[in-house]
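Those protein sequences? They're chains A and B, same order as listed. For the record, in the first sequence the residue sitting at position 15 is 14 according to numbering that gives the first Met the number 0, with numbers rising by one throughout. For the record, in the second sequence the residue sitting at position 282 is 281 according to numbering that gives the first Met the number 0, with numbers rising by one throughout.
It is worth saying that the hints were derived from the structure and are not from the lab. Worth double-checking, as some hints may not be accurate.
List time: in silico DSS-like cross-link candidates among lysine-lysine, alpha-carbon distance up to 27 Å [said to hold, decoys possible]:
1. K273/B with K262/B
2. K235/B with K262/B
3. K233/B with K262/B
4. K162/B with K98/B
5. K52/A with K14/A
6. K257/B with K190/B
7. K273/B with K37/A
8. K101/B with K14/A
9. K190/B with K7/A
10. K7/A with K37/A
11. K162/B with K262/B
12. K278/B with K33/A
13. K37/A with K235/B
14. K162/B with K257/B
15. K14/A with K273/B
16. K7/A with K162/B
17. K33/A with K280/B
18. K162/B with K101/B
19. K151/B with K190/B
20. K101/B with K151/B
21. K273/B with K7/A
22. K14/A with K262/B
23. K14/A with K148/B
24. K190/B with K33/A
25. K101/B with K7/A
Remember, it's a predicted structure, so these values are computed and weren't measured experimentally.
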Amino acid sequence: MTVASQVKQTLAGLKGVQGTLRIYSTQTQNDETKNVFKEALEVTDNIVNDLEKRVQVLEFQEPQYKGN
Amino acid sequence: MQMWIQILLRAASLFFVTLFLIRLMGKRNISQITSFSFVSYIVIAVLAALISSNVITNLAYGFIALGTWTLFPIALDYLSIKSKLIHDFINGKEMVLIKHGKIMEESLLQARLTGEDLLRELRSNNAFSLADVEFAVMETTGDINVFLKSDKKPVTAHDLGQKVAPMTEPQTVILDGNVLNEPLAALGLNKEWLRIQLENTGVSLDNVFIGQVDSSGDLYLDLFDDSVELPQPKVKEMIYANIEQSQASLMTFALETKDENAKAMYLEDSEKLKQLMEKLKPYLLR
């Protein structure tokens, strides 16, 4: 597995986490818990952005693996 | 009028009158009332029995007595709410039986309790050893409540310095295969949500005996058919595990990459995730 695909895998995992966190942040009744989940969403958003940029760089460096 | 008809009418009317009077006197449990309130309940009961069986022939006199015995306790209750002095006079004061771990023998005598009685009461409060008790008080209703020494008290999350997620009471949304709309609405959910949840677990509504939703929105089901093994909601544990995995991968990337900028980025992100895990732990795992 190339580095790019490994990073993509992690990216996908994080996005999955985000989806579930988003569900919980709307389902939860308690405001405090809601805020914690929302905060978690922001943090993961940042990381997802970072990783997406990194994937672009990697694909630029190794165009032969693009799409994998 | 024939005697038996008279008694039937009296008994029937008094049945409802007494029911009404007792309801008027309040909701307190019979085991929690003071001895005197107990006496007034008995007097009401005896009066009702005497009137209905025609022992007290004059209805008016009977009802006057019954009314007095109902109104006075109610009046006293109101007065004792308004004034602490009257409250203490009517209900008495709570009595300290054990203080700083030492039994107050005089109080015990006043409360007409033997050592045996005290020990029994302590045991029913889960204090089998007298050495564990810091303080015990006899309430005005005769109940004995026990305050354990601080090192013998059950451990709470606060004692452990552990943060736990706030939890509100769960709501029962399915009972006997029927959807209860009111609790669902209280959670801000609707039937459609419930239908999707049931579909995901693969159960039909008629097979559900009880379904409860906890404050984080997870649905717990108990089925009529106990042979069906239902997966319990483990979604939160899954998210936590996923975050942990991502964090580990980021660390690996940081070690593997030759690009200094990328290394810094990976390290920073994995640190962020680590902090996030700490923060989410109480909410996802406990």
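Do the hints match the structure? See the list:
A C-alpha spacing of about 16 Å is found between K273/B and K262/B, which places the hinted pair at or below 27 Å, so the restraint holds. Simply put, K235/B and K262/B have alpha-carbon atoms about 30 Å apart, too far for the 27 Å limit, and the pair is violated. Of the pairs offered as hints, the one joining K233/B and K262/B is violated, with about 34 Å between alpha carbons and a cut-off of 27 Å exceeded. For the hint pairing K162/B with K98/B, the CA-to-CA distance comes to about 33 Å; that exceeds 27 Å, so the pair is violated.
Taking the CA atoms of K52/A and K14/A, the gap is near 15 Å; set against the 27 Å cutoff, the hint holds. With a C-alpha separation of about 54 Å, the suggested pairing of K257/B with K190/B is violated against the 27 Å cut-off. Under the criterion of a C-alpha separation no larger than 27 Å, the hint pairing K273/B with K37/A is consistent with the structure, at around 17 Å. About 62 Å separates the Cα atoms of K101/B and K14/A, which puts this hinted pair outside 27 Å; it is violated.
With a C-alpha separation of about 37 Å, the suggested pairing of K190/B with K7/A is violated against the 27 Å cut-off. Proximity of K7/A to K37/A is assessed by CA-CA distance (about 24 Å); at most 27 Å being required, the pair is judged to hold. A C-alpha spacing of about 33 Å is found between K162/B and K262/B, which places the hinted pair above 27 Å, so the restraint is violated. In summary, the hint linking K278/B to K33/A is supported, as the alpha carbons are separated by about 13 Å, within the 27 Å threshold.
Proposed proximity of K37/A and K235/B is supported: the alpha carbons are some 15 Å apart, at most 27 Å. At most 27 Å may separate the alpha-carbon atoms for a hinted pair to count; K162/B and K257/B exceed this at roughly 40 Å. The hinted pair formed by K14/A and K273/B meets the criterion: a straight-line CA distance of about 17 Å does not exceed 27 Å. Between K7/A and K162/B the CA atoms are separated by roughly 34 Å; this puts the pair beyond 27 Å, and the hint is violated.
A distance of roughly 14 Å separates the Cα atoms of K33/A and K280/B; the hinted pair therefore holds under the 27 Å criterion. With a C-alpha separation of about 36 Å, the suggested pairing of K162/B with K101/B is violated against the 27 Å cut-off. Among the hinted pairs, K151/B with K190/B is inconsistent with the structure: their alpha-carbon atoms are about 47 Å apart, more than 27 Å. A threshold of 27 Å between alpha carbons decides the hint, and for K101/B with K151/B the separation of about 16 Å falls inside it, so the pair holds.
A C-alpha spacing of about 20 Å is found between K273/B and K7/A, which places the hinted pair at or below 27 Å, so the restraint holds. For the given pair, K14/A sits about 21 Å from K262/B by alpha-carbon distance, which is consistent with the 27 Å threshold. The suggested pairing of K14/A with K148/B is violated, with an alpha-carbon distance near 50 Å, which exceeds 27 Å. A hinted pair counts as satisfied when its Cα atoms are at most 27 Å apart, and K190/B with K33/A qualifies at roughly 22 Å.
Pair hint K101/B plus K7/A does not hold up; C-alpha atoms about 69 Å apart against a cutoff of 27 Å.
Checked against the numbered hints given earlier, this structure breaks hints 2, 3, 4, 6, 8, 9, 11, 14, 16, 18, 19, 23, 25; the rest are met.
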